[in-house]
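K.L.:
Between the sequences and the hints, there should be enough to build the whole structure, so can you do that?
Each chain, written out:
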Amino acid sequence: NAGVTQTPKFRVLKTGQSMTLLCAQDMNHEYMYWYRQDPGMGLRLIHYSVGEGTTAKGEVPDGYNVSRLKKQNFLLGLESAAPSQTSVYFCASSYSVTGELFFGEGSRLTVL
Amino acid sequence: AQSVTQPDIHITVSEGASLELRCNYSYGATPYLFWYVQSPGQGLQLLLKYFSGDTLVQGIKGFEAEFKRSQSSFNLRKPSVHWSDAAEYFCAVGARLGSSNTGKLIFGQGTTLQVKP
Numbered sequence: 001n002a003g004v005t006q007t008p009k010f011r012v013l014k015t016g017q018s019m020t021l022l023c024a025q026d027m028n029h030e031y032m033y034w035y036r037q038d039p040g041m042g043l044r045l046i047h048y049s050v051g052e053g054t055t056a057k058g059e060v061p062d063g064y065n066v067s068r069l070k071k072q073n074f075l076l077g078l079e080s081a082a083p084s085q086t087s088v089y090f091c092a093s094s095y096s097v098t099g100e101l102f103f104g105e106g107s108r109l110t111v112l
Numbered sequence: 113a114q115s116v117t118q119p120d121i122h123i124t125v126s127e128g129a130s131l132e133l134r135c136n137y138s139y140g141a142t143p144y145l146f147w148y149v150q151s152p153g154q155g156l157q158l159l160l161k162y163f164s165g166d167t168l169v170q171g172i173k174g175f176e177a178e179f180k181r182s183q184s185s186f187n188l189r190k191p192s193v194h195w196s197d198a199a200e201y202f203c204a205v206g207a208r209l210g211s212s213n214t215g216k217l218i219f220g221q222g223t224t225l226q227v228k229p
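Sequence lines, in order, name chains A and B. Read the first sequence against this note's numbering and you will find it ends at 112, with the numbers running on by one and no gaps. Read the second sequence against this note's numbering and you will find it ends at 229, with the numbers running on by one and no gaps.
These are computed hints drawn from the structure, not numbers from a lab. For each residue, glycine too, the CB sits at the ideal point set by N, CA and C. Where hints are given, some of them may not hold.
Said to hold, decoys possible - For lysine-lysine, the following DSS-like pairs were computed, each having C-alpha atoms within a straight-line distance of at most 30 angstroms:
{"id": "1", "chain 1": "A", "residue 1": "Lys9", "chain 2": "B", "residue 2": "Lys161"}
{"id": "2", "chain 1": "A", "residue 1": "Lys57", "chain 2": "A", "residue 2": "Lys71"}
{"id": "3", "chain 1": "A", "residue 1": "Lys9", "chain 2": "A", "residue 2": "Lys71"}
{"id": "4", "chain 1": "A", "residue 1": "Lys57", "chain 2": "A", "residue 2": "Lys70"}
{"id": "5", "chain 1": "A", "residue 1": "Lys9", "chain 2": "B", "residue 2": "Lys173"}
{"id": "6", "chain 1": "A", "residue 1": "Lys71", "chain 2": "B", "residue 2": "Lys161"}
{"id": "7", "chain 1": "B", "residue 1": "Lys173", "chain 2": "B", "residue 2": "Lys161"}
{"id": "8", "chain 1": "B", "residue 1": "Lys228", "chain 2": "B", "residue 2": "Lys161"}
{"id": "9", "chain 1": "A", "residue 1": "Lys57", "chain 2": "A", "residue 2": "Lys14"}
{"id": "10", "chain 1": "B", "residue 1": "Lys161", "chain 2": "A", "residue 2": "Lys57"}
{"id": "11", "chain 1": "A", "residue 1": "Lys9", "chain 2": "A", "residue 2": "Lys70"}
{"id": "12", "chain 1": "B", "residue 1": "Lys180", "chain 2": "B", "residue 2": "Lys161"}
To be verified - Far from chain B by the CB rule (all over 10 angstroms, computed), these chain A residues:
{"id": "13", "residue": "Leu13"}
{"id": "14", "residue": "Gly16"}
{"id": "15", "residue": "Asn28"}
{"id": "16", "residue": "Val111"}
As the list claims (entries may be wrong) - Example chain B residues on the side facing chain A (calculated, C-beta under 10 angstroms, incomplete):
{"id": "17", "residue": "Val116"}
{"id": "18", "residue": "Ile121"}
{"id": "19", "residue": "Tyr148"}
{"id": "20", "residue": "Gln150"}
{"id": "21", "residue": "Gly153"}
{"id": "22", "residue": "Gln154"}
{"id": "23", "residue": "Leu156"}
{"id": "24", "residue": "Gln157"}
{"id": "25", "residue": "Lys161"}
{"id": "26", "residue": "Ala204"}
{"id": "27", "residue": "Gly206"}
{"id": "28", "residue": "Ile218"}
{"id": "29", "residue": "Gln221"}
P.N.:
Spelled out as structure tokens, the structure:
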């Protein structure tokens, strides 16, 4: 029962470097989301997707890009990392607009 | 715009004592409401959810929450706290937007629960 899997779990970047976080779900869910978690701020939505080939901006999309080429995968990219993007990133998926969100275990990113 | 406020950043209770975590939301209609729990180093797990109907909702691990429309609140309760309940708790609201609903949730800032032996 893999559920939602995020890779990598930890990463340290230098300012200006790029990277991609991968989220994979094996539950055939239509809806997928990327959140970032920062102390005292809860979870804030970066981007989301309501189906294969679709993406949309959330609350804090600047500096990030996403792609959903396959239904089971949702990629989050940082083209030029900044220290302000140091955070824990969570991917989540859902089977419907009213359904429970299933979360991955998170990816901790540090930008120096 | 939707928003969620959890007024208590940190709460400490003794094991066996009762617990109430507060959540207030702002939304123009009746929202979907959720409580999630996060243990250290883990993702979030759903405790309970309210969509419609009975305003008192039962969840896992002995938790319950009550939706009070007049107060725009969805407080989480447990009659007797166990040491394993120490974690961070998040309230979340989802919008009812009909055909344009996207399922995305807005989360509160979280409440950290510490349990004293």
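K.L.:
A separate judgement is required for each hint: does it hold in the structure or not?
P.N.:
Against the structure, the hints come out as follows:
no. : hint                : verdict
1   : A:Lys9 - B:Lys161   : 29 angstroms, holds
2   : A:Lys57 - A:Lys71   : 18 angstroms, holds
3   : A:Lys9 - A:Lys71    : 21 angstroms, holds
4   : A:Lys57 - A:Lys70   : 18 angstroms, holds
5   : A:Lys9 - B:Lys173   : 28 angstroms, holds
6   : A:Lys71 - B:Lys161  : 26 angstroms, holds
7   : B:Lys173 - B:Lys161 : 14 angstroms, holds
8   : B:Lys228 - B:Lys161 : 28 angstroms, holds
9   : A:Lys57 - A:Lys14   : 25 angstroms, holds
10  : B:Lys161 - A:Lys57  : 25 angstroms, holds
11  : A:Lys9 - A:Lys70    : 21 angstroms, holds
12  : B:Lys180 - B:Lys161 : 14 angstroms, holds
13  : Leu13               : 21 angstroms, holds
14  : Gly16               : 29 angstroms, holds
15  : Asn28               : 15 angstroms, holds
16  : Val111              : 20 angstroms, holds
17  : Val116              : 8 angstroms, holds
18  : Ile121              : 7 angstroms, holds
19  : Tyr148              : 8 angstroms, holds
20  : Gln150              : 9 angstroms, holds
21  : Gly153              : 8 angstroms, holds
22  : Gln154              : 6 angstroms, holds
23  : Leu156              : 5 angstroms, holds
24  : Gln157              : 8 angstroms, holds
25  : Lys161              : 7 angstroms, holds
26  : Ala204              : 8 angstroms, holds
27  : Gly206              : 7 angstroms, holds
28  : Ile218              : 8 angstroms, holds
29  : Gln221              : 4 angstroms, holds
Checked against the numbered hints above, the structure breaks none of them.
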